[in-house]
Structure formats: structure tokens, C-alpha cells
Amino acid sequence: MSELTKRIPKQHVVGFVGSIILTVAAAWAAVGSDLPTPWIITSIMVLAVIQAFIQLFMFMHMTETESGGIQAGNMLYGFFVAVVIVAGSIWTMSFGYTHDHGGGSDNDNETEEHEHMDH
Amino acid sequence: MEFIDFLLEDFFVTGQPLIYGAMVSIVLVSIAIVFVLSYFKKWGWLWREWLTTVDHKKIGIMYIIAALAMLFRGGVDALLMRTQLTLPGMEFLDSQHYNEIFTTHGTIMIIFMAMPFLIGLMNYIVPLQIGARDVAFPFLNALSFWSFAFGAMIFNLSFVIGGSPDAGWTSYTPMAGATLNPGPAQNYYLIGLQVSGIGTLATGINFIVTILKMRAPGMKMMRLPIFTWSTFITSIIIVFAFPILTVALALMTIDRIFGSHFFTLTGEGMPMMWANLFWLWGHPEVYIVILPAFGIFSEIISTFARKQLFGYKAMVYSMVVIAGLSFVVWVHHFFTMGAGGAVNSFFSITTMLIAVPTGVKIFNWLGTMYKGRIRFDTPMLWSLAFIPCFVIGGVTGVMLAMAAADYQYHNTYFLVAHFHYVLIAGTVFGCFAGLTYWYPKMFGHKMNEKLGKISFWFFVIGFNVCFFPMYFLGFAGMPRRTYTIEPEWMALNVTASIGAILMAIGFAVFVYNIYYSFRYSQRETHGDTWDGRALEWATTTPVPFYNFATVPKIEGPEAYWRMKENGRTTYEKEKVEPIHMPSDSGVPFVMMAFMFIASFGLIWEWIGIAIAGLIGVLACMVIRSFDYDDGFYVSVEEIKQTEKKAREGEQ
Amino acid sequence: MSAHTDISTGPLEYRTQEGRMNILGFWIFLGAEVVLFSTLFATYAVLFGRTADAPVPADLFEMPMVLIMTFLLLTSSFTCGIAIHHMRRGSLKGLFVWLGITLALGLGFLGFEIYEFVHYAHEGASLPSSAFWSAFFVLTGTHGLHVLLGISWAVLILIQLRQRGLTPVTSRKVFIVGLYWHFLDVIWIFIFTSVYLIGMVV
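Chains A, B and C, in that order, are what the protein sequence lines are.
For the first sequence, counting from 1, position 102 maps to 107 in my numbering; every step adds exactly one.
For the second sequence, counting from 1, position 355 maps to 410 in my numbering; every step adds exactly one.
For the third sequence, counting from 1, position 92 maps to 387 in my numbering; every step adds exactly one.
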């Protein structure tokens, strides 16, 4: 209840500062660091997920009231389906070939397909 | 003059006697409806009692009526196809018309028949089964229904105005794209599904909250009747699968109308991405239409075997597993795309895995019947027929799951036979079983048993005669979606067509049974028609609009069975309190009517009309936002009178 | 429906059964929105690099503008949280001020986004340019449309607050539009990361 008397609650300030730091860190990792590309992508995605959790827990109070568990479970299942859709589509639409091992080299169509898939 | 040319050449579908006939009958039926409503002064009644209602029971009935009409339309499409394949050289249908008919058949049966039929049953039954007085969001429920109804209307309009879509219910690009498929036909598919999809998503959210938050005291999750559980799991799948369809449809619409390059051959688009997105939704969709049917069969088998459902927990967990797995099997619909071994193997294995929880359920049904004292009423007959037929469909599904073998089966009649065996034996039998089972609760009288059995035998025998030969046609190499056949496929095609006629007779008897029972069936005096076990049978028949006069207290699974054993009812006269109910509203109907206008504009790419319709929709939303109507209270006096009248026959 | 389950303590928006159900229903809707946007992200990822004759993203994306847009939306999410906090303290005035700031920041974001789109179109990258740009514009445009919808919706609720003050119904509406607003920030974080940052790296 003591939180309620404050004009600006500490939790929100912490969340805000945290997300600014994470944003700047991600921007730096992308354009300022010398990390190899796969590492950059992995690390900035992790930073994004952390930021999403800051929003959900510190700003949106996802777990408050007796429906908190349901709400959190709902979002988790949403994230599961999201990962399936994004990762599954990328994998399937690349036809399961990666660009560095010529898996489709015996087939012109596939070679052309996965040229565009590189990133 | 130009306008008239446009009307005759592009707007109305012209040049086919079948369609002229349909146009004439549409006009005649419309005139007849208007005349009857005006003559008996029923317009006000229609508006007050049905078009503006937010009562889950009436909405459920409207869903079911619409679904039966769509079953008729889809069934006629099927018969036309069978006729063409039986008389292949006679030019009964040309190839274009045949393409249109298999497209509308598939789309209507899945989107506008199977789902609304099941959603109608859910609407009527689920609140009763959990001891609630309505769904969580009654207004939203009405909105869902009208979005489905107008979506279906849009889609069916294509038949006489602008031409039907012809790229299959899967509408693969680039064939469904603007280059190869110009004009409004394909837009009807996209927009019709989009509009009704809004309603389906809202229904999913509505039922999740209803089941989580509106259960009567003591109704724990593991005490829920199994049909309610299946509705709950289905709703979860709806909520997480339908947005994928929404996006896929939107992307193709943008491709076609605004010139983007998602699924085009130009601009480095990827046509197969459509197939990917379509099936990402499409496979969960299969479980959306089958799980509620499983729930219905479980209720019926338990009631008519007079035993508690065997393995209740296994049933629930197997549905949970299905809900998870249903999102990771979609690629098996396009193994032949030519993805690598890793992709195809992965999806082969997940597909085989999902057969396991389904198999568990089969054993549960058998276990429920084991040593039961089985009654063979019509609902039970449908459920009994379901088990072997569905097993045939399921086993052939596992055959299709093997990626390498699928290269042989893909897009042959083997596949056609497989999915009709699961969807008809599962969903359609389930709908007929559920409707017959809950019919007395809805309308106050049973469906005639004798006619019911006649319709059952015609339909089930016809179904097997129609679809079993198709497995062999598939082995013989007959591709699906072909309007002409090789001579060696003739005999089996004729057999299949005979089966289709038997099914049509079965359906006709079913519909006649509705009329016959309305006229002659004995009226129910008691709410508990079948010696039921779940809470819906604890209400009186007909169910008062507030469902339960006093909220029942639940002490264990099979709530009503327990009450009967302990000699208690759900009506405690001295505990009646005023009941709060939501007010009716015309906004859902009007909003979706505007949506209809907007859709029509978009389909014809008349952007002005589309924007005008959209403004109407937004205006309705604003009106709703400012509406602070808090519903009304039913007085104790009125409740007591209603209950007295409803319970007269019980003593 | 069931008036007897209403409670008299805790935040106003949770006091009625109806309020609690609406908020839960909205959370579930947000789950559906996660799927909606992830489908758009999947499409974007699959079509990545398919620019045809149009410019490539690395030539057009500019870090300063993207960072400004990100900070506008991040800050607006923060101020929106403060607005809800003031509502729970019972301060209608605080709610108006902070929600007003939130909407102003949101409008600023939209302004930048429109400028960005027009700028790209001038450089030869628009919706029909190529598969990649179709995916880009539809993904970011859908988010922008959500922001626009959120602003209009919040304005409607501000009018209702003016008319009725803080009641269980109005505070429930404010809370829900607040959830929506934070959620749009979550989506933007992923757009910022997987569209702009990765677009600049690769």
C-alpha cells in the first residue's frame, strides 16, 4: 500500500531505466560492437525478450489478482506459438537447407530459393 | 448502357442454367420470407426476439439453423460434383464451374458448417453445464454470431454476383493471386472468411473466460463435464490459431488489391509461404472441428452406457496434449513441396505422435461402454458408428503421415477419402448426435426415434459406400479436383455417387424429422430427457431465459447425477434472489451489416464504399463504448412464477 | 452477471466480477495479438533479403530516427504506467495529465513513422516494390495502425472519464487501454530489434 502514496512508484522507474539501458545496449551491440553477426542477433533477441518481460511484469502487472497465473500461462503459450510460427516458418521455408553446405546444389530451384534465405 | 453491360457481364453471374435456377429460387424464397413476416406481422418479433438477442441459447439455435442451411448448400455442391464424375463426358459442369463448386464445397463445409454447428451447440450447452446464466460477454457473443452470419452471406453471394472463387478451399498462390485469378471471385473467399474469422476469435475468448470465471460454486476444473472441457481446449486453439488465418488472408488481400508481393511470382514473393501460413492455421483448425465432437460423443456414450466416463483425466490430458501438438504438424499438408529430409522427418514424427492421444480417447470410449447397460437411441447410434469409421480415417491418416509414402498419396482420392472419413465420421456424426441428444433441451420435444434411425442408417451406409471406394480410387491414381475421369475409375465413381445419394436421403429425412417432430412429437414435461448426468439436464425444459433460478452448488463430478442420487434439485425456492441479466442490443447486427457493406466494397475494389462501411462499423463501436446500460434485474416474483409454470409437469 | 461476487476493496477496476472478466478476456486477446504479430514477423523473416530491384534496408534504415521512435514509445509506456498508478491512487487529475502525455508521445511516434514511410517511398521503397518491402510496410504499418487505434480509443475513454469520473467501469476501461498501450510497446521492442537492428547488421 505504501507504493500507492508515492507520485511515481519505484518499480516503474526501475523498469523504465532498465528498458532504456537494454535498448541502448542492443543498439550498441548492433552497430558499435565487433561481434560476429550470429552472436549479435542472438544477444539482441535475448535483450528484447528481457525488455518484454519488464513490460509484462513491471508495467502491466501481469501476475496481479487471482487470474495472474492464467494470464501468465496465456502469454507463455502465446510465446510458444510465436516461436513455433517464426522459427518453424524460417526453417520450413528455407526447405531445411543451410546456405553453407550446398544441400540443394543438385537442384537448381532449391539453390535459387536458399540464396534469398541467407541472413 | 455501360452500367447495364457491367451488370450483365461482370456483376451478375450469367450463362449457366443452374445458376439462373438458383437466382430465381433465391428471389422467390426472399419474397416468400418477406411476405410471411409481413402477413403475420412478425417483423417486430424477429427483431426483438432474435436479431437483437444476447441470450446464449437463442444465439446457439441461430448458429445451428444457419449451419444446417450451409450443410444443405455444401451438400448440393457435393451432389453436383458426384453427378459430374458419374457422367464425365456429358458436360454437366464445365471445368471452370467444377472448380468453383469444389472450392465452395470445402470452404462452406469447414468454415460455415462444421464450426458454426459446433459453436452453436457450445453456446447452448456450455453455460448450462457449468451452472452459469449466460456467457461471460453476451454482447460479444451476439457480435460473433452476426459476424459469422454476414461472413457466410458474403461468401454465398459470390455464387450469383461476381462469380465463385475457384482456387480450392486452400486457395494456393500463385493460382489464387491477382495475375492468374483477377476479379472479385477470390476476394469473396478472402473477405468472407476474414469477417467470420473475427467472430470465431471472439467466441474463443468468450468461452475461455466463461469456463474459467463463471462456473457455479464447487464446479472445479476437474469436475467439468467433458464437453465443456473440449470446448475449453478448442477455444484455446481458436485464440492461438485464428490470428494466423487473419494475417494470411489479409496478406493475400493486400497482394490482390494493393499490389504487394507476399505470395506473387514477381517482386521475389514466395507463393509457398501462403501454403505455410494457411496450414499453420489449417491444422489446428482440424482439431477445432474435431475436439468438440469428441466431447459430444463422450457425453452421449457415458449417458447411454449408463456409466461414468472411463478415464476422465486421460481424456482431459489427451486433449491438452493435442492442443499443444496441433501447432507443430502443419508441414505434413505439403510434404511434396520438396523440403529437405530433416523438415519432412520432423513433421512426420510429430504427426504420428498426435495419433497417440487420439488413440487414448478411443480406448476411453470403449472402456466406458465395457459392462455398461447400453441403450440404443439415435444419439448413441451416431456415436457407435463414429468409432469404427473414425478409426479408419485415423489409421489412413497415419499412412499419410509418412512423408515418403505421401509422395504417392498426395492430392489423390486417397487423401479425399481420409479427410472425409475423419471430418464426416467425426464432426458431422458428432453434430447430428449432439443435435439429436440436446434437441429436447432446446425445443421441448425429442426428435422422432424411428425417423432418426432411418436417417442414421441411410447416412452411415451411404457415407461408407461413398467414401470407402475413394481410397481405392486414390491407389488407382485418380487425382482430386479433377472434373473428368479415366474409364478404369468409372465403376468406383458410380459406387461413390450411389453412396452420396444415400447420404442425401439421410439428410433429407433428418430435416423432415425436424418438421415431423415439431408437429407430432410428445412434449417433454421433465427437464431430464435421457436420464442424464451433467448439469444441463438439471434445468427445466424449456430452459428459462435466466437458466438457473438459484445457482446450484456442485459437490463432485457428474453434478446432476449426484443431485439425483441425493434427491436434490437446482431450485431452492426460499433462496431465490433477483437475477441480473444483460440487455438485448441491436448494435451487433447493425455493426456487422455495415461490415457487410464494407466487405462488398472491398471485394469489388470500390474503395469509397469500403470506407463508408468501415466508418459505419467504427461509429457502432463508438456507440457501444458510450453505452453504459447495465442490464436489468428479474424480480423474485417473476422467477417464482416462471419456475412454477415450468415445473408443473414434474410432479 | 453475478452481483454477489463483487468486492469492496482493492483497485476499482477489479471490484466487479464484470471488471475482472473483462480484464482477463483482454489478456487472452493479447495472447491472440502475440500470434497475429508473430505471423507478421515470420513473414518478414522469410521474405528478408527479397528486395528485388528496390533499395536494401541497410541503405535506408537510420539509427538516430529509429532510436528517437523507440524512446518516444518507451517513455509513453512508462507514463502510461504512471497514469494507471495515479488512477489507483484515486487522482483523476494525475490520470488526465499522465495519460495526456502518453497520447502526445504516441502521436509523436506516429508522426515519425509517417515521415519515415514517406521518406522510404521517395527513395524507391514502398509496399509494391518487392516482397521484402511489402513485409516491412505491413508489419510496421499494422503496429502503427494499432497505435492510432489505441490513441483514438483512449480519447473516447478520456471523454467518458470527464462525464463520469472514476467508477469501476471507467477505471476498468482505462486499465485495459493501458494494457493495450504497454503491449504495443512490447511489439515495438521486437520490431526495433528484429527489423531495424538486424536490418542494419546484415
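A couple of the hints might just be wrong.
As the list claims (entries may be wrong) - Once the Cα atoms are required to be at most 25 Å apart in a straight line, the calculated SDA-like pairs of lysine to any residue come out as:
no. : chain 1 : residue 1 : chain 2 : residue 2
1   : B       : K275      : A       : G78
2   : B       : K368      : A       : W96
3   : B       : K608      : C       : R310
The hints are simulated quantities; they were obtained by calculation from the structure and are not laboratory data.
message = Does R310/C sit within 25 Å of K608/B, going by the straight-line distance between their CA atoms?
response = holds, 23 Å
request  = Starting from K275/B, check that the Cα of G78/A is at most 25 Å away, please.
outcome  = Measuring from Cα to Cα gives roughly 18 Å; hence the hint holds.
inquiry  = Just to be careful, I want the Cα atoms of K368/B and W96/A compared with a cutoff of 25 Å; is the pair within it?
reply    = Status violated; Cα separation ~36 Å.
Consistency with the previously given hints fails for number 2 only.
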